[in-house]
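Visitor: Build out the structure end to end from the sequences listed, making use of the hints.
Each chain is listed here by its residues.
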Amino acid sequence: MQRRLKITIVESDPARAALIEQSLLRAGEYELTTVTDMTRLTASIAAHNPDIVLIDLDNPSRDALEALTLASAPLERPVALFVDQSDADLTRLAIEAGVSAYVVDGLRADRLKPIIDAAIARFSMFRQMRTELATTKRALEERKVIDRAKGLLMKAKGIDEDAAYNLLRRAAMDQGRKVIDVAEALVSTAGLLS
Amino acid sequence: MTTHLPVGFLPLIDAAPLIVAREMGFDRAEGVTLDLRRAHSWSALRDMVSFGQVMAAQMLAPMPVATALGLSGAGGPLAAVAVLSTNGEVIGVSRRIEERLRANGHGFDFHDAHAAGLALIAAANGPLRIGVPFPFSMHAELLYHWLTALGLPAPAGVDIRTVPPPLMAAALAAEELDAFCVGEPWGSMAVENGSGALLLPGAAIWPGAPEKVLGVRADLADTAPEPLCGLIRALWRAGEWLADPSHRTSACAMLSGRDYLEVPDEVIDRALSGHLTITPRGDSRSVPGFVDFTRYTPQPQHAAWIGTQLAARMGLDRASARAAAMATFRTDLHSQIVHAIPGHQPRPSGFARSFDGQDFSAVLPE
Numbered sequence: 693m694q695r696r697l698k699i700t701i702v703e704s705d706p707a708r709a710a711l712i713e714q715s716l717l718r719a720g721e722y723e724l725t726t727v728t729d730m731t732r733l734t735a736s737i738a739a740h741n742p743d744i745v746l747i748d749l750d751n752p753s754r755d756a757l758e759a760l761t762l763a764s765a766p767l768e769r770p771v772a773l774f775v776d777q778s779d780a781d782l783t784r785l786a787i788e789a790g791v792s793a794y795v796v797d798g799l800r801a802d803r804l805k806p807i808i809d810a811a812i813a814r815f816s817m818f819r820q821m822r823t824e825l826a827t828t829k830r831a832l833e834e835r836k837v838i839d840r841a842k843g844l845l846m847k848a849k850g851i852d853e854d855a856a857y858n859l860l861r862r863a864a865m866d867q868g869r870k871v872i873d874v875a876e877a878l879v880s881t882a883g884l885l886s
Numbered sequence: 075m076t077t078h079l080p081v082g083f084l085p086l087i088d089a090a091p092l093i094v095a096r097e098m099g100f101d102r103a104e105g106v107t108l109d110l111r112r113a114h115s116w117s118a119l120r121d122m123v124s125f126g127q128v129m130a131a132q133m134l135a136p137m138p139v140a141t142a143l144g145l146s147g148a149g150g151p152l153a154a155v156a157v158l159s160t161n162g163e164v165i166g167v168s169r170r171i172e173e174r175l176r177a178n179g180h181g182f183d184f185h186d187a188h189a190a191g192l193a194l195i196a197a198a199n200g201p202l203r204i205g206v207p208f209p210f211s212m213h214a215e216l217l218y219h220w221l222t223a224l225g226l227p228a229p230a231g232v233d234i235r236t237v238p239p240p241l242m243a244a245a246l247a248a249e250e251l252d253a254f255c256v257g258e259p260w261g262s263m264a265v266e267n268g269s270g271a272l273l274l275p276g277a278a279i280w281p282g283a284p285e286k287v288l289g290v291r292a293d294l295a296d297t298a299p300e301p302l303c304g305l306i307r308a309l310w311r312a313g314e315w316l317a318d319p320s321h322r323t324s325a326c327a328m329l330s331g332r333d334y335l336e337v338p339d340e341v342i343d344r345a346l347s348g349h350l351t352i353t354p355r356g357d358s359r360s361v362p363g364f365v366d367f368t369r370y371t372p373q374p375q376h377a378a379w380i381g382t383q384l385a386a387r388m389g390l391d392r393a394s395a396r397a398a399a400m401a402t403f404r405t406d407l408h409s410q411i412v413h414a415i416p417g418h419q420p421r422p423s424g425f426a427r428s429f430d431g432q433d434f435s436a437v438l439p440e
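Protein chains in written order, with this note's numbering: chain A, 693 to 886; chain B, 75 to 440.
None of these hints come from the bench; they were simulated from the model.
Accuracy of the hints is not assured; some may be wrong.
What the hints assert, rightly or not - With a Cα cut of at most 25 Å, we get these calculated DMTMM-like pairs of lysine to aspartate or glutamate:
#: 1; chain 1: A; residue 1: 870; chain 2: B; residue 2: 109
#: 2; chain 1: A; residue 1: 870; chain 2: B; residue 2: 336
#: 3; chain 1: A; residue 1: 805; chain 2: A; residue 2: 788
#: 4; chain 1: A; residue 1: 829; chain 2: B; residue 2: 109
#: 5; chain 1: A; residue 1: 829; chain 2: B; residue 2: 336
#: 6; chain 1: A; residue 1: 836; chain 2: A; residue 2: 866
#: 7; chain 1: A; residue 1: 870; chain 2: B; residue 2: 339
#: 8; chain 1: A; residue 1: 847; chain 2: A; residue 2: 873
Guide: Given below as structure tokens:
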């Protein structure tokens, strides 16, 4: 009977961490721990002594984990950014999904694969949600600026909303810029004049 | 028709050549359109380059060297094809260490690396704990050089640890760190939020030390396709543009934008002008040459020095580490490309020595 692998999930959002845990537990029997406090990251990892650490690719705390990979202290176990030279595709998929795995030296690829697969599926979903959220948020912000610019034009030139929008659009086309950029310039300049 | 070029960066002052190349249209003039992707860790940028999510990225100068020595990352070898900036680092201390330094009579002249270093060693209670953004960084290398030159044995007397800059303020407040060495705007932000005071600019330890490079996969540097050459030319133009003081206000406005650094213009201006506010109570100091964007060409002696330092600390063979390190800095490629630019005037290459009189070339093979 093989020892259960110990996995540490580094994720400051408890809801996301719970979702990752669920996915991993569906993939197999593992001993899971989660680190949510990034200031305690290295101390927590030293205390748990995991076989695998999973972390969002773009989490700023990853750089602190890189220091652990040097394993300079005598009791530390060498850890490497996951790569099995025979399966570079898996690493690429993981990175595209936005997850990085740090793995202790010598862990067999067949024990690792179900874990990485489960993590990839979960992180792909996070990434998609995050992109959608960012797009929506940005569209809302841009809409607000464009509305303000339209309002300024309507007041200054005594025109209606459609005419104001057309004016913005024409200026953008003439200058080879986006409507939002022209609107932003107008709003910030108007701020100076008022 | 221009080639679309995804390039990764971190929201730091020394991403300026990339941001300016994009905002001033120097990229499109060279037939490429920069698609700048903001990341939040150095390891993410390295992996994005290694696994092809971006073609190139801003990197800390020691990163391609560390990868060549097998110390960092899982992808293939990397190459530095241009220097984005030299210096621009700043060393700061916690409020507690600041108080002790003042009590011991240190004047915070922000200039004398010798005096500042000895004062810092004296003010520490036990081994100095200093935060840096990444294990393979000039921040770490400059600190090791500075403190060992002043007689502090490493690693016994100094604990240099990686703390992501967004967590640095909390670590200082919790007294887990005595000091830090970071790139701007993080130093000025620590002053702004009252968590630290600035002690010394990196330029006072070693003027002209390479700080950030443009990193690509080594095989891309070998074939040097035209879009890469175009990017290198665009970055050269951006560096020349940044060197003109009359462009500073515009540069600050560009960098502060919401797609880039998202910090106030005024804080960015401190680094670009070299007029830094060093304490939360508003003391200021001027540093000529605080950060420089015009020493574009990767220098072999810089790579050799970094490789030798890393090898010595990690217990690797120094001669082979030095050779591997030098192969990552593509001096010839860069020189060839910029010398072919019409109107290119080579800038005099500064012959910079460290505060204790060391020379980067000293580690070159005979």
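Visitor: So, for every hint listed, does it hold in this structure?
Guide: Comparing the hints with the structure gives:
| no. | hint | verdict |
| --- | --- | --- |
| 1 | A:870 / B:109 | holds (16 Å) |
| 2 | A:870 / B:336 | holds (21 Å) |
| 3 | A:805 / A:788 | holds (16 Å) |
| 4 | A:829 / B:109 | holds (20 Å) |
| 5 | A:829 / B:336 | holds (17 Å) |
| 6 | A:836 / A:866 | holds (23 Å) |
| 7 | A:870 / B:339 | holds (23 Å) |
| 8 | A:847 / A:873 | holds (20 Å) |
When held up to the earlier numbered hints, the structure conflicts with none and fits them all.
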